[in-house]
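Undergrad: Chain by chain, the residues:
There are 2 protein chains.
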Amino acid sequence: MTDGRFDRIALIGIGLIGSSIARDVKELGLAKEVVISTRSPETLRRAEELGLGTAYVASAAEAVRGADLVVVSVPVGASEEVARQISPNLKAGAIVTDVGSTKASVIAQMAPHMPQGVHFIPGHPLAGTEKSGPDAGFAGLFRGRWCIFTPLPDTDPQALEKLKAFWTALGSRIDEMDPQHHDKVLAIVSHLPHIIAYNIVGTADDLETVTESEVIKYSASGFRDFTRLAASDPTMWRDVCLHNKDAILEMLARFSEDLAYLQRAIRWGEGDKLFDLFTRTRAVRRSIVEAGQDVDAPDFGRHALDAKK
Amino acid sequence: MTDGRFDRIALIGIGLIGSSIARDVKELGLAKEVVISTRSPETLRRAEELGLGTAYVASAAEAVRGADLVVVSVPVGASEEVARQISPNLKAGAIVTDVGSTKASVIAQMAPHMPQGVHFIPGHPLAGTEKSGPDAGFAGLFRGRWCIFTPLPDTDPQALEKLKAFWTALGSRIDEMDPQHHDKVLAIVSHLPHIIAYNIVGTADDLETVTESEVIKYSASGFRDFTRLAASDPTMWRDVCLHNKDAILEMLARFSEDLAYLQRAIRWGEGDKLFDLFTRTRAVRRSIVEAGQDVDAPDFGRHALDAKK
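Top line first, the protein sequences correspond to chains A and B. 309 is the number that full-length UniProt numbering gives the last residue of the first sequence; the numbers go up by one with no jumps. 309 is the number that full-length UniProt numbering gives the last residue of the second sequence; the numbers go up by one with no jumps.
Extracted from the complex, chain A is given alone in its bound form (with noise of 0.2 angstroms):
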C-alpha cells in the first residue's frame, strides 16, 4: 500500500497549510476519515462549517486516536506541546508528520515524546501564501511545489515511503536532506526574505518626513512587492525566527555585510561596484524563470490583474 492512502487521518491545526491538506484529501479520497483538531474552537467551527473533514474535535489527545497518520500543522513553537498531549494515545504502527518551515527544532521538541513503534518522519511542504486560517486554503495549493523531508537516522523506510506516497498524491515534488542543511537552506531562500520584508515596512511605517499615505499611494514602484511577505502569519514567523535563530543569525550577518558594503559604493560613487551585482543579480532572476520556478510575465503577471479594475 504506497499510493498515498490511509485509513484514518488525523489533522492538528487546521490554518493555510492543513485546511489545504484537508481539502485535497477529500477531493483525492485520500482517506476514510479525517478528523480535525485545533485549539481554537472558532476555528474548529470554521473546519466543521467548511466540511473539510468527518470529524472535529477540541482535543488533539483525542483526535489522534486510531490515525494512522498523524499531521501537525501548528506554529513550529506548539510542537513540543502539542507532541506530549498525542504521544500517550498513538497507534502502534502511525506515522507522524509535520510541516513545520525549521526542523532541528521541531525535531528537538518533538522525537523524544514519540513513543516505540510510532514513526515520526519530519516534513516540509515549501507551499503558502501570505494569507492565514482555514478560509486561506485551497486544494492545489501543493501541486508542483516541493516537501523536503528530514528523517531521522532509524526512520523505517517503508513508513517513508508511505508518507512520500500520500505528499505525492497531493502533487508535491519529494526532497529529502538532513535537518541542518534544511534549516540552512530554509534561511536563506524564506527566512531572510520574510524577516527584511517585515522591516522595510516597519522602516516606511515609521518615517516622520513621508507620511504613511504617500508610501501606500505610490508602493507599486517597488515597495508592495515587500508588503507581500510582510503581511504572513505573526504567529507562525515569530516561531520561525526564535527556533531557527542561529542559520537566521548568520543569514543576517552576511546581508547586513553586503549591505555596508553597497552603502559604501552608494556613498563613494562607486558605479561600477553597482553595476556589477545589478548585473549578476539579473541572471539568478533569469535561473529561476528558466528552472519553472517563477512565471515570467512581467510583474508577476499582476499588470492583467491590476488593468481589470
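Take the hints with a grain of salt, since some may be wrong.
[Said to hold, decoys possible] The calculated DMTMM-like cross-link candidates involving lysine to aspartate or glutamate, where the alpha carbons are at most 20 angstroms apart (straight line), are:
| no. | chain 1 | residue 1 | chain 2 | residue 2 |
| --- | --- | --- | --- | --- |
| 1 | B | K131 | A | E257 |
| 2 | A | K217 | B | E176 |
| 3 | A | K273 | A | E290 |
| 4 | B | K245 | B | E270 |
[Stated by the list, open to error] Non-contacting residues of chain B with respect to chain A, defined by C-beta distances greater than 12 angstroms in every case (computed):
| no. | residue |
| --- | --- |
| 5 | L44 |
| 6 | L50 |
| 7 | A108 |
By construction, these hints were calculated from the structure, which means they are not laboratory data. We put the beta carbon where it would ideally sit given N, CA and C, even for glycine.
Position chain B relative to chain A; hints supplied.
TA: Okay, now just chain B, sitting in the frame of chain A:
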C-alpha cells in the same frame, strides 16, 4: 488645446518607458509625427522594426527640431548630456519633460541648458516592470498609475496643463510635489526596495553552505519575490543610486538600524517585539490592497499562472 495632443513629439530614449509612451501615442493618435532617437543603433533599428514612430534619427539634436513636446527617457545619469545636445535646436514654446526616477539631480543637470522660451517640466511616471528595452514596453503601462510633476518656481501654468493633459490621456493619475520631497518619497517606496532586493539576491548568490541550485530550486518560499526587482535594468539603477545618494543613504541608515533591533530581538528570543512588528506590517499590506495599489489575490495571483505550466 488641452486635450493632450501635440503636432510633433520627439522621444529621446526608447526603452521600456519611451516605447510604452510611443505605443500609447500611436494607439490614441496623440501626435501627427513621432520622432524617435536613441544612442544605440541596434535599439533605433528595433524601434523602427516595431513601427513605434514616424521618423528615426540617431542624433538627439536633430530629433528635437520642430518638436512641440520632447520626452527624455534615458538613465538619469545621461540627462545632462542629452540636455546639452538638444538645447541649441529646441523650438521656442516647446515643452521638454523627462521620466527620471530622481528629480533634484535631473533638474540640476538639465535646467541650466534650457533656452529662454522653452518650458522644462520635470516629471516621473511611477510605472514600469523589471523588463527593459523597446520590446518590453506596452500600450497601457501608465493606466491608473501616478505621474508626479516637480515643476520649477517659474514653470508656465499653461504649459504644465498641456503636459498634464498628455499624461492624463495616457491614463495616468497626476500629482505634484517639490523635487526634494519627491526624492525622499521615492527613496523609500522605490529605491530602497530595489537596493535591498539586489542585495539579498547577491548575498544568496555568494553563499558557500547553500548551493546556487538549491537557492533557485526552493526560491518559491519567499526569495523569488525579491528576484523580480533585482532583475531591473542595471544601468538605470546604478544611476538612481548615484543621483539620489543623500535620500537613499538616509533610508538605508534607518533600515539598518531597524534591522539591528530585529536581529537583537531574534538573538535574545524577544518574541513579543517580533510579534508586534509582524502584526503592524500586516496592516500596511491591507491598506495597500484597500487603496487599490495591489491585487488582493494570494501570492500576487501567481498560483493561477504557476498551475498552468
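Undergrad: Against this structure, judge whether each hint is valid.
TA: Results of checking the hints against the structure:
no., hint, in the structure
1, K131/B - E257/A, "violated, 29 angstroms"
2, K217/A - E176/B, "holds, 13 angstroms"
3, K273/A - E290/A, "violated, 26 angstroms"
4, K245/B - E270/B, "violated, 34 angstroms"
5, L44, "holds, 23 angstroms"
6, L50, "holds, 17 angstroms"
7, A108, "holds, 15 angstroms"
The structure shown violates the earlier hints numbered 1, 3 and 4.
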